[in-house]
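Taking the hints into account, I'd like the entire structure generated from these sequences.
Taken in order, these protein sequences are the chains called F and U. Each residue of the first sequence is one higher than the one before, counting from 1 in my numbering. Each residue of the second sequence is one higher than the one before, counting from 108 in my numbering.
Read the hints as simulated data drawn from the structure, not as lab findings. Note that the structure is a prediction, hence the values are computed from the model and not measured. Take these hints with a grain of salt, some might be off.
[To be verified] Derived DEER-like restraints, expressed as beta-carbon distance ranges:
#1 F:E14 with U:A194: 46 to 52 Å
#2 U:A194 with F:N30: 25 to 31 Å
#3 F:N10 with U:I228: 32 to 38 Å
#4 U:K219 with F:Q23: 21 to 27 Å
#5 U:N257 with F:K22: 43 to 49 Å
Where is the CB? At the ideal position from N, CA and C, for every residue including glycine.
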Amino acid sequence: MDTISEQEKNDFREFLSVIYGKQAKKWNINLKVLELFGRLLQSSESCSRYMDWVPRPFIAGNVIRWASRQARNAIIRHIKNGGRHYLLCLRARGLIFKHDFIMASNL
Amino acid sequence: MIKKEKQPNTLFILCSFVLLFFGCESLGFKKSSNLQNQNANMVVLKGKLSLPTPERYQNILLNDDLIIFSLPEKNIGYGVFDREDLAFIGSSKSPYNFFNDAFADSNEEEEKKFLEGFGEIKFKLFESTKDFEFYFFDLGIRKKIYILSNSLDFVAEVTSEDDNLENLFRRIIQYSNIQ
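Here is the structure:
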């Protein structure tokens, strides 16, 4: 199984903080959190054309491969450049996963 | 992790001190003497909603936003959604109205997006009492319980991968009360 670097963990925290607020910057990033992150994006497939970034079928190993710096930066750029519809859609979908993320980060 | 107490008074005093220092509106744990079953433990969410704890939990982790019960099978989390959570996703509704409308297949965009995030709902239960509406969702791997009340400024959620969460749902219906 691939491991992720501290920089990549920080990148994930940054992305999660866009969806959940600054509390996400304190979350521990582990495999369970990454799996949830992938499920969140898959559940949000109607939110944006950027869903092509998520490989199918979704398995734990894939989340690390898809979550390349290139993919993450592209999505973050999309959000920062005024993709408000995408952002609010992600946040609405993300509400269901919020407490699951907190539980996963405490494993 | 906070271990299950062998000296209940010490843990209660410690939690009370922590809650007093950080504010009493946060999630809190206390033993209740208001139930027919005198051995049942309760948690109090935001000083207002009292819920029974899962049975046979081993440890408790108190987080800012979640109480996590550690069990042999799967962990169970008790959390809340307040008006701030909903404002963050673009809704100006109260938590009660948002969840109530969302579960009733609302046409509002934020509520539709929220409900679509559940994905395939394999099984659903609903019960109502004088003070509450209770929802149980089996989403396959994950199960969710929602506790709604027009008397509360938040909605409570219980979340777990435990296959026996429906048993907890029945206990929550029976023992939940507003402080």
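These are the hints, each one checked on the structure:
no. : hint                          : verdict
1   : F:E14 with U:A194: 46 to 52 Å : 22 Å, violated
2   : U:A194 with F:N30: 25 to 31 Å : 30 Å, holds
3   : F:N10 with U:I228: 32 to 38 Å : 35 Å, holds
4   : U:K219 with F:Q23: 21 to 27 Å : 26 Å, holds
5   : U:N257 with F:K22: 43 to 49 Å : 31 Å, violated
Violated hints, in rising order: 1 and 5; the structure is consistent with all others.
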